[in-house]
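**Student:** Using the sequences and the hints, build the whole thing.
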Amino acid sequence: MAGAAIRLSGVTLSFGGILALKGVDLDIHAGDIHAIIGPNGAGKSSLVNIICGIYRPEAGSIDFDGQHLSRMETGRLAKLGITRTFQNIVLFKGMSVTQNVMMGLTHKTRSTPWGQIIGSARARREEAHAYEIARAILARLDLTQVQDRAVNTLSYGAQKRVELARALIAGPRLLLLDEPMAGMTAGEKVRMIAFIREAQAHSGVTVILIEHDMGVVMELSDRITVLDHGKRIAQGTPSEIQVNPDVIDAYLGVAHADDGDDAVLAA
Amino acid sequence: MSSAILERQANSQGLPGLKSFRGPFLVLLVFAVVIPQVHSDYLFDAILTPFLAISLAALGLNLLTGYAGQVSLGSAAFMAVGAFAGYNFLLRIPGLPLLAGLAFAGLTAAVIGIVFGLPSLRLRGFYLAVSTLATQFFVQWALTNISWFSNDDTSGVISPPPLHLGGFALDSPVRRYLLCLGVVAVLTFLAMRLVSGQTGRALIAVRDSELGARVLGVKVLRTKLFIFAVSSFYIGVAGALWSFAYLRTIEPDGFDLDRSFQILFVIIIGGLASIRGAFLGAAFIVVLPLLLSRAGAILLGPGFDSGLVDLVQKIFLGALIILFLRLEPAGLSALVGRLRIRRNAT
Chain A
1 MAGAAIRLSG VTLSFGGILA LKGVDLDIHA GDIHAIIGPN GAGKSSLVNI
51 ICGIYRPEAG SIDFDGQHLS RMETGRLAKL GITRTFQNIV LFKGMSVTQN
101 VMMGLTHKTR STPWGQIIGS ARARREEAHA YEIARAILAR LDLTQVQDRA
151 VNTLSYGAQK RVELARALIA GPRLLLLDEP MAGMTAGEKV RMIAFIREAQ
201 AHSGVTVILI EHDMGVVMEL SDRITVLDHG KRIAQGTPSE IQVNPDVIDA
251 YLGVAHADDG DDAVLAA
Chain B
1 MSSAILERQA NSQGLPGLKS FRGPFLVLLV FAVVIPQVHS DYLFDAILTP
51 FLAISLAALG LNLLTGYAGQ VSLGSAAFMA VGAFAGYNFL LRIPGLPLLA
101 GLAFAGLTAA VIGIVFGLPS LRLRGFYLAV STLATQFFVQ WALTNISWFS
151 NDDTSGVISP PPLHLGGFAL DSPVRRYLLC LGVVAVLTFL AMRLVSGQTG
201 RALIAVRDSE LGARVLGVKV LRTKLFIFAV SSFYIGVAGA LWSFAYLRTI
251 EPDGFDLDRS FQILFVIIIG GLASIRGAFL GAAFIVVLPL LLSRAGAILL
301 GPGFDSGLVD LVQKIFLGAL IILFLRLEPA GLSALVGRLR IRRNAT
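In the order they appear, the protein sequences are chains A and B. If you're matching positions, the first sequence starts at 1 in this note's numbering and goes up one per residue. If you're matching positions, the second sequence starts at 1 in this note's numbering and goes up one per residue.
Hints listed in this document are in silico derivations from the structure and should not be mistaken for laboratory results. Mixed in with the good hints there might be a few duds.
Unchecked claim - Computed spacing ranges between beta-carbons, pair by pair: (1) Val-186/B to Lys-108/A: 51 to 61 Å; (2) Ser-159/B to Lys-108/A: 30 to 40 Å; (3) Gly-318/B to Ile-118/A: 26 to 36 Å; (4) Leu-26/B to Arg-125/A: 29 to 39 Å; (5) Phe-126/B to Asp-25/A: 19 to 29 Å; (6) Trp-114/A to Asn-344/B: 33 to 43 Å; (7) Gly-41/A to Leu-327/B: 38 to 48 Å; (8) Lys-79/A to Ser-159/B: 48 to 58 Å; (9) Leu-325/B to Arg-71/A: 53 to 63 Å; (10) Leu-133/B to Arg-110/A: 52 to 62 Å; (11) Gly-41/A to Val-130/B: 33 to 43 Å; (12) Arg-22/B to Gly-187/A: 40 to 50 Å.
All values reported here derive from a predicted model rather than from experimental measurement. Ideal Cβ positions, reconstructed from N, Cα and C, are used throughout, including at glycine.
**Tutor:** As C-alpha cells, this is what we get:
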C-alpha cells in the first residue's frame, strides 16, 4: 500500500494555560520521510500525540489522505493505516516476540472469540496468516534468532526493532517513529537507518520521524520541520534546514546549545 | 537449553502457544478413570469436589486478573450469584436439565459481571479492586435481605434440588465429583483455547499496555467487559457447583470476602496468567489445610485439641505462603514448568 499524505493546519494545544503548540502547520507529502526536530519542549511529542488522537487540539484541523478530521481517534488509527513506535518502548512483556508482532494485525481480525475457541476455518486461517507474516517481517528485521523469546529478555536495541516490526506488519500508510534511535549504540543506529530505509522503499510508506541525532535526521529525511517553543520556525529539505538562520538561532541561542546538535548541524 | 527456558517463561506468563493438549488430557484421564476406583467418600466429598469448584473459580479469576490485569475482590459474590441463580432456575422452571441450570447460573453471573465491570472502564489497579468490593457487599446484602432469592425460606439455609443428569441420579460422592470434573474439564479446555488465540493476546495487551493495545486497534473497553463476563460466567458456575455438589446447601454466608481473598490467593500462589496455576494453587490452598489437619489428627492421636491444630495449621500455611512468594513469585506454575525443563534436559 502506498503512503498517505497528512496535513495539519493551525493546530493549537495548551496545558493549563501554557501553549504547547501555537497554530502549527505541518504538510507531509505521501511517501516522504519527514523529520520533526527541535529543542526539548518544542512540541514534537505533542504534535505526534495529536496525530495519534491522544491529545485533542483546541484549534486547527487535520487532513489525512483526503479526509478532513477535526481530531484523530486512537482506536481508529490502525484502521486508517497509521502505526507508530513509542519513545519509551511499549511492548507487551507477557508475550513472545512473534506474539507481539502478531498484535500489529489486530484491526484486521474478523474471527470472533468463539470462532477462535472452536477453531473455525476463518480463525485458523487468520492465525496461520498472522503467524506466517510475523515470521517474515521478523526475518526482514533480522530478528529470527530471537523470535520465540519473551520480548522483555531482548536488548534495548532489539526491542526497538520489535516495535518497528509490529508497526510495519500491517503495511501502514503512515508510520510515526518517536525517537527510534534513542539509547542505541552507533552500530545499532546504522542498522536501524537501513531498516527504516528498506521499509520505506519496500512499501512507499510515509514516515514521520522524531529524532535528536542530527546525523540520523540529515541522512534519512526527505524534508524537515523545525519546531521551537510550540511554533514552526522552518520547513524544508535537509540542506535548506542546515543553513536556515532561524534554525541555527534556535539551536545555538537557547539553553540546548551544548548538547552537540549544533556542531552536527553546522557540519 | 537457555532458550527453552526463555520460551517457557514467555509461555508461562500468558500463552500456551502451539502446545498440544496431551499433558492436560492425561491428567484428566487419571482423574476421570483411575481416581474414581478409590473407595473413599471422604476423598471425593471433602477434598476433590471443593478442589474442583475452587479451581474453576480461580480459573475464572485468572482470566480476568492474570490475563487481562483487572484486579477483582468480588469473586465470592459471583459465586453466590451463580449458586442462587442456579437454584432459582432449577426451582422455578420445572424439568430444566441440570446442565442448563448451570449454564443459566453462569450467564446470570456474566450479566452481573458486566454491570459491576463497568467501573473498570475508568478505574485501574487498587481503585478497581476497591470498587469490586462493592459487588461483594451488595450481592451478599441482596441475597440475604431479598427473600425471593431464597424462595421465602425463613431458615436462611436452603437445599438444592436433587441432582439428575438425564435419568441418572447424582446421589453419591463419586457421581457428584464426576459431574464437577466433567464441567470443569470442558470449561478448562475452552479457556485454554481462548487464551491461546488472538483474543488471549488482546487480553494480555490490555494488561501490559492499554495505550499500546488501543493504538493497535484493540477495542479496550469491549475487551474488558468481555472478560468480565467470561470470568464471571466461570466463577458463577463454580459457585453453583460449590453449593450443589459440595456443600449441598445454599447460603450467602459462605460467599463472603474471605472466600474472595481465598480465590485471589489461589491464583497468586498458583501463578497469574496460567491455566494450570489455578489448579495448582487450588490444590495448595484447599487441599493442603485438609491434609494438615488430617496429619495433625493422626500424629496427635484421638482427643487432640482441634482448636490448637486449627491454629497451628493456619500459622504453617501462612508461613508457607510467605516463603513461597519470596522464593517463587511467578507461582507454582512456573515452578512446575522449570522442573519439567530440568527433567527434559537430563
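**Student:** Each of the hints needs a verdict: does it hold here or not?
**Tutor:** A quick look at each hint next to the structure:
no.	hint	result
1	Val-186/B to Lys-108/A: 51 to 61 Å	violated (31 Å)
2	Ser-159/B to Lys-108/A: 30 to 40 Å	violated (52 Å)
3	Gly-318/B to Ile-118/A: 26 to 36 Å	violated (43 Å)
4	Leu-26/B to Arg-125/A: 29 to 39 Å	holds (30 Å)
5	Phe-126/B to Asp-25/A: 19 to 29 Å	violated (44 Å)
6	Trp-114/A to Asn-344/B: 33 to 43 Å	holds (35 Å)
7	Gly-41/A to Leu-327/B: 38 to 48 Å	holds (46 Å)
8	Lys-79/A to Ser-159/B: 48 to 58 Å	holds (54 Å)
9	Leu-325/B to Arg-71/A: 53 to 63 Å	violated (46 Å)
10	Leu-133/B to Arg-110/A: 52 to 62 Å	violated (39 Å)
11	Gly-41/A to Val-130/B: 33 to 43 Å	holds (37 Å)
12	Arg-22/B to Gly-187/A: 40 to 50 Å	holds (45 Å)
Checked against the numbered hints given earlier, this structure breaks hints 1, 2, 3, 5, 9, 10; the rest are met.
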